[in-house]
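A.B. asks: Generate the whole structure from the sequences, applying the supplied hints.
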Amino acid sequence: MNTIILSAIFGVVMMFSGIFIHNRSAYKSISSVALLLLLVLNITESQGSPLFHIDTTNFLHFDKFGLLFNSICIFSTLIYVMLSGRDIEKAGNNTAEAHALIFFVLCGIGIVTSYTNLLMLFIGIEILSIPLYILTGSDKKNLKGNEAALKYFLMGSFSTGIMLMGIAMLYGSGGTFMVENVVKNGIVSYLSALGMVLIFIALCFKVSAAPFHFWTPDVYDGAPAVITSFMATVVKVAGFAAFIRLIEGRLGSMGSQTDRLIAIVIILTLAFGNLTAVFQQSVKRMLAYSSIAQAGFMLFSLFAVNDAAKEGLLLYAAAYSLATIGIFAVLAKMDDMTLEGFNGLSKSQPLIAALLAIFLLSLAGIPLTAGFFAKFYMLSAVVKTGKYLGLVIIGVLFAAVSAYYYFKVIQAMYFKDGNIVLAPVTARFKYLLLFVAVLIVVLGVFPNALLSFLYF
Amino acid sequence: MIPVLLIVIPLVTGLISFFLKEERSAKAFALLSSVATLAVSLISLFQSGDSLSTDASWLPMLGSRFLVSLDGMGKILTLLTAVSFPIIFAATYNNKYKNPNSFYGFMLLTQAGLMGVFCAMDLFLFYFFWELALIPAYFLCSKWGGEKRIAVTFKFFVYTFLGSLLMLVGILFVYFKTPDHSFAISSLHNLALTAGEENFIFWLFFIAFAIKMPVFPFHTWQPDTYEQAPTAVTMVLSGIMVKMGVFAVIRWLLPMFPAASVRMADFIMIFAVVGMIYASLIAIRQDDMKRLVAYSSIAHIGLMAATMFTGSAFGMQGVIFQMFAHGVNIIGLWIVIDVIEQQLGTRKFSELGGLAQKAPVLAIMFVIMSFANIALPLTNSFVGEFLMFNSVFNHSVVLGAVACISIILAAVYTLWMVQKVFYGEVTNEERITLNVPINTQLMLAILVAVVLFFGVYPQPMINLCAETVTKIIAQIK
Numbered sequence: 001m002n003t004i005i006l007s008a009i010f011g012v013v014m015m016f017s018g019i020f021i022h023n024r025s026a027y028k029s030i031s032s033v034a035l036l037l038l039l040v041l042n043i044t045e046s047q048g049s050p051l052f053h054i055d056t057t058n059f060l061h062f063d064k065f066g067l068l069f070n071s072i073c074i075f076s077t078l079i080y081v082m083l084s085g086r087d088i089e090k091a092g093n094n095t096a097e098a099h100a101l102i103f104f105v106l107c108g109i110g111i112v113t114s115y116t117n118l119l120m121l122f123i124g125i126e127i128l129s130i131p132l133y134i135l136t137g138s139d140k141k142n143l144k145g146n147e148a149a150l151k152y153f154l155m156g157s158f159s160t161g162i163m164l165m166g167i168a169m170l171y172g173s174g175g176t177f178m179v180e181n182v183v184k185n186g187i188v189s190y191l192s193a194l195g196m197v198l199i200f201i202a203l204c205f206k207v208s209a210a211p212f213h214f215w216t217p218d219v220y221d222g223a224p225a226v227i228t229s230f231m232a233t234v235v236k237v238a239g240f241a242a243f244i245r246l247i248e249g250r251l252g253s254m255g256s257q258t259d260r261l262i263a264i265v266i267i268l269t270l271a272f273g274n275l276t277a278v279f280q281q282s283v284k285r286m287l288a289y290s291s292i293a294q295a296g297f298m299l300f301s302l303f304a305v306n307d308a309a310k311e312g313l314l315l316y317a318a319a320y321s322l323a324t325i326g327i328f329a330v331l332a333k334m335d336d337m338t339l340e341g342f343n344g345l346s347k348s349q350p351l352i353a354a355l356l357a358i359f360l361l362s363l364a365g366i367p368l369t370a371g372f373f374a375k376f377y378m379l380s381a382v383v384k385t386g387k388y389l390g391l392v393i394i395g396v397l398f399a400a401v402s403a404y405y406y407f408k409v410i411q412a413m414y415f416k417d418g419n420i421v422l423a424p425v426t427a428r429f430k431y432l433l434l435f436v437a438v439l440i441v442v443l444g445v446f447p448n449a450l451l452s453f454l455y456f
Numbered sequence: 457m458i459p460v461l462l463i464v465i466p467l468v469t470g471l472i473s474f475f476l477k478e479e480r481s482a483k484a485f486a487l488l489s490s491v492a493t494l495a496v497s498l499i500s501l502f503q504s505g506d507s508l509s510t511d512a513s514w515l516p517m518l519g520s521r522f523l524v525s526l527d528g529m530g531k532i533l534t535l536l537t538a539v540s541f542p543i544i545f546a547a548t549y550n551n552k553y554k555n556p557n558s559f560y561g562f563m564l565l566t567q568a569g570l571m572g573v574f575c576a577m578d579l580f581l582f583y584f585f586w587e588l589a590l591i592p593a594y595f596l597c598s599k600w601g602g603e604k605r606i607a608v609t610f611k612f613f614v615y616t617f618l619g620s621l622l623m624l625v626g627i628l629f630v631y632f633k634t635p636d637h638s639f640a641i642s643s644l645h646n647l648a649l650t651a652g653e654e655n656f657i658f659w660l661f662f663i664a665f666a667i668k669m670p671v672f673p674f675h676t677w678q679p680d681t682y683e684q685a686p687t688a689v690t691m692v693l694s695g696i697m698v699k700m701g702v703f704a705v706i707r708w709l710l711p712m713f714p715a716a717s718v719r720m721a722d723f724i725m726i727f728a729v730v731g732m733i734y735a736s737l738i739a740i741r742q743d744d745m746k747r748l749v750a751y752s753s754i755a756h757i758g759l760m761a762a763t764m765f766t767g768s769a770f771g772m773q774g775v776i777f778q779m780f781a782h783g784v785n786i787i788g789l790w791i792v793i794d795v796i797e798q799q800l801g802t803r804k805f806s807e808l809g810g811l812a813q814k815a816p817v818l819a820i821m822f823v824i825m826s827f828a829n830i831a832l833p834l835t836n837s838f839v840g841e842f843l844m845f846n847s848v849f850n851h852s853v854v855l856g857a858v859a860c861i862s863i864i865l866a867a868v869y870t871l872w873m874v875q876k877v878f879y880g881e882v883t884n885e886e887r888i889t890l891n892v893p894i895n896t897q898l899m900l901a902i903l904v905a906v907v908l909f910f911g912v913y914p915q916p917m918i919n920l921c922a923e924t925v926t927k928i929i930a931q932i933k
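Chains as they are written, first to last, in my numbering: chain Y, 1 to 456; chain P, 457 to 933.
Since the hints were derived computationally from the structure, they do not count as laboratory data.
Certain hints may be false.
Unchecked claim - Here are some chain Y residues pointing at chain P (derived, C-beta under 7 Å): (1) Leu379; (2) Ser380; (3) Val383; (4) Lys384; (5) Ile393; (6) Ala399; (7) Ala403; (8) Gln411; (9) Phe415; (10) Asn448.
Unchecked claim - Chain Y is nowhere near these chain P residues, computed Cβ spacing over 10 Å in every case: (11) Glu479; (12) Asp511; (13) Pro516; (14) Ser598; (15) Asp680; (16) Ile706; (17) Gly767; (18) Phe805; (19) Ala857; (20) Leu890; (21) Val912.
Heads up, the beta-carbon is just placed ideally off N, CA and C, and yes, glycines get one too.
C.D. replies: Right, here's the structure in full:
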């Protein structure tokens with residue numbers, strides 16, 4: 001509850017600070033402090049002492065999983081704001097509003113990680129999406145950005161409509177908006193199945209799973225790099241939290257065909273994301289496709305829906321968000337976002353190159369980084385179910401493909417020569433990036449450091 | 457405690473090495489570190505019991521523990537690793553590298569990964585180190601290698617990474633089949649698998665190991681990588697890293713899937729023997745010293761791969777013995793090749809000749825190493841190869857007979873190389889001098905001594921092997 005209420009309040013505070021404070025670099029500080037406060041209060045809530053005692057009439061249920069997910073999202077956002085605050089200022093003229101919108105997104109995340117009622121899911125998804133449509137177009141003079149925003153808005157509204165339709169059907173079949181199994185006489189009604197499929201499609205759209213991903217490359221590429229960073233990480237993983245709550249809650253009333261449906265989506269997502277990413281010349285666009293590929297791996301958790309899957313999803317959310325935010329933070333400082341632009345980075349900026357290499361290794365899932373355990377948990381969750389071992393094998397084959405395009409960036413940085421143009425970076429930026437890399441390595445050796453929060 | 461030291465010393469010193477500024481200090485530091493590791497490894501030979509194993513909690517939720525231990529085979533391979541690195545560092549002490557601090561840092565990290573692989577008694581930990589050895593090797597080859605290094609190393613990386621990932625699926629599968637959900641080697645010996653499952657998982661593991669060894673037809677990455685890698689790294693790759701595959705089959709594959717190993721034995725042995733002949737024939741046609749030795753290495757590893765699946769105790773001892781012997785021999789050959797390449801700037805037979813007149817000592821050393829490569833009596837390889845051929849022959853006369861052809865072929869290409877490079881007409885006379893640095897000579901002398909010592913008196917090593925082999929054979933039966 002803390003997250004939902006406070007992030008809404010902080011959002012309003014940020015908007016007003018836009019009126020009263022005209023020093024643009026101050027917004028970043030205010031925002032960082034507010035996020036830190038939010039993080040602390042969210043953690044205290046997960047320790048069992050919430051600030052607000054509000055009767056949500058069972059519309060929301062704050063369990064450890066949802067709260068830990070909030071913590072990860074808030075922490076990632078904090079890192080994001082601290083690393084990329086400067087670039088947010090450059091992305092548009094309304095910096096304070098941009099920060100305010102980020103808080104509203106967090107409010108939406110707070111809802112979708114803890115809902116038990118489909119109406120709350122709908123509201124949460126909307127609160128989360130609408131600020132994003134605005135943020136995508138925040139660079140008003142950039143034509144590509146405008147196109148991306150409009151595209152995102154149209155497609156997003158469509159998917160919301162589909163979701164609403166699905167919710168209506170579920171209500172029609174079961175007479176309730178609660179996320180629960182409605183099975184009469186052991187038969188799942190057609191209306192219920194169809195409704196579930198429609199919601200499934202809408203959520204697939206939100207997490208950019210194939211074949212509902214077509215908006216992703218254009219939007220991620222068109223939006224300012226700094227906004228893409230936020231969309232591709234925090235928002236995307238929050239979508240998965242919503243997804244797994246839905247699937248878990250209605251597992252008993254979905255019929256045996258669901259496995260097959262999810263398996264097909266996983267394979268399509270992995271295949272499309274990975275194979276297209278291989279051919280990209282622009283690193284930004286490559287990361288857009290790679291985010292689809294990573295979504296494919298996170299989808300494994302929806303296939304398995306067991307404890308290992310939920311733990312894995314948390315770990316994946318942290319590993320993926322931190323690494324991607326780190327890469328985007330550096331990317332936003334570069335003039336040339338193609339692969340050639342990275343040539344020789346290790347000579348001019350050895351530390352940044354080394355840290356980028358760690359982030360990329362983590363995304364590729366190499367041991368000693370958090371990304372390895374994230375993938376490991378996902379695979380382990382599926383193997384544990386004992387169904388479709390072939391799916392796991394397809395998964396690892398595509399993981400090997402993903403190594404190909406991540407390593408291309410490493411090759412460019414380390415083994416090729418070039419004159420790189422990097423906007424000046426402060427020492428603080430470097431230290432923060434180093435901190436993120438250390439976190440990734442620590443999670444890569446002791447993943448329990450994060451997961452033990454689930455149990456204590 | 458000892459296995460932990462073997463892993464931690466190179467790991468920590470490797471990380472420190474990245475921050476060293478001067479070339480001289482980086483070199484000296486790496487050498488010092490590797491000598492310290494060697495000392496620990498030598499001590500391990502005289503230890504038994506508790507000091508050889510460590511068991512600590514690592515990932516309780518996953519059921520994986522930090523379980524490291526040294527048995528006879530572990531001792532031999534950690535010794536090989538510990539011996540090789542100081543020799544490699546000392547023999548190539550005069551070589552110049554760009555960014556020497558990173559070079560030596562990555563080398564030491566590779567050593568840490570290798571030590572971990574040879575000590576791990578927990579399958580998950582094993583996987584962890586298996587990958588850990590690969591990453592620094594990737595950087596070493598890509599950054600300091602020859603002209604085509606980037607593409608070639610990448611092929612090597614993708615190949616082995618793909619293999620590892622398949623193994624990861626296999627690891628997960630067997631984990632859920634253990635009675636107590638653990639990765640410890642003792643639990644993995646009691647898997648309840650149906651025949652179909654066992655066959656399937658067997659292949660997931662075996663492909664990973666076969667790529668690493670490499671066994672025909674998974675060998676295509678190897679000659680290119682050996683050729684393009686800087687020679688010091690080639691020594692690590694061919695001397696030690698390929699042994700990871702052989703080692704892993706003996707340590708994990710055979711005891712975990714005894715029935716499948718028997719079922720697949722003939723099939724794999726045929727491929728291994730075909731690979732031996734195939735690689736030997738290609739070796740004859742090479743014009744580059746590095747490529748020749750690379751192909752000869754495929755042939756030798758093929759014999760080990762064939763022998764492992766015969767299930768005979770003598771053969772298994774031969775394999776373990778030969779892992780050490782082959783490591784020593786091939787590093788010796790590489791050192792000589794490195795000297796020639798550094799000083800004359802070429803490795804091509806067509807441009808070399810008559811070097812024995814310029815460097816008689818080098819020639820003698822090289823001839824002895826070559827004899828060891830052919831496995832003539834009095835050299836260490838003779839002992840290993842004899843045991844191996846013997847067991848292949850007992851298993852199947854036809855396969856044994858075909859495999860024996862490779863001995864002749866080995867003699868053909870190895871002696872041809874010796875003849876072409878060191879004897880015959882003197883070419884490139886304008887560059888008369890071939891100074892073999894004293895440190896290189898010393899290291900070669902040590903290797904020759906090891907070759908001859910174990911060729912005459914192999915018993916201590918055989919005793920070490922026997923301990924492991926008895927256990928494994930008991931498990932398989």
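A.B. asks: Next, verify each hint and record whether it holds.
C.D. replies: Results for each hint:
1. Leu379: holds, 6 Å
2. Ser380: Holds - the Cβ of Ser380 of chain Y comes within 7 Å of chain P, reaching about 5 Å at its closest.
3. Val383: holds, 4 Å
4. Lys384: holds, 6 Å
5. Ile393: With Cβ-Cβ at 6 Å, under 7 Å, it holds.
6. Ala399: holds, 6 Å
7. Ala403: Status holds, d = 6 Å.
8. Gln411: Hint on Gln411 of chain Y: holds, closest Cβ of chain P at ~6 Å, below 7 Å.
9. Phe415: holds, 5 Å
10. Asn448: Given a least distance of 6 Å, the restraint on Asn448 of chain Y holds.
11. Glu479: Holds, because the least Cβ-Cβ distance between Glu479 of chain P and chain Y comes to about 17 Å, which exceeds 10 Å.
12. Asp511: holds, 17 Å
13. Pro516: It is violated; Pro516 of chain P is separated from chain Y by about 7 Å at its closest Cβ, not greater than 10 Å.
14. Ser598: About 5 Å separates Ser598 of chain P from the closest Cβ of chain Y, which leaves it inside 10 Å; violated.
15. Asp680: holds, 16 Å
16. Ile706: Given that every Cβ of chain Y is farther than 10 Å from that of Ile706 of chain P, nearest at about 23 Å, it holds.
17. Gly767: holds, 28 Å
18. Phe805: holds, 30 Å
19. Ala857: Since the minimum Cβ distance to chain Y is about 38 Å, Ala857 of chain P lies beyond 10 Å and the statement holds.
20. Leu890: Nearest chain Y Cβ is 32 Å from Leu890 of chain P, so the label holds.
21. Val912: holds, 43 Å
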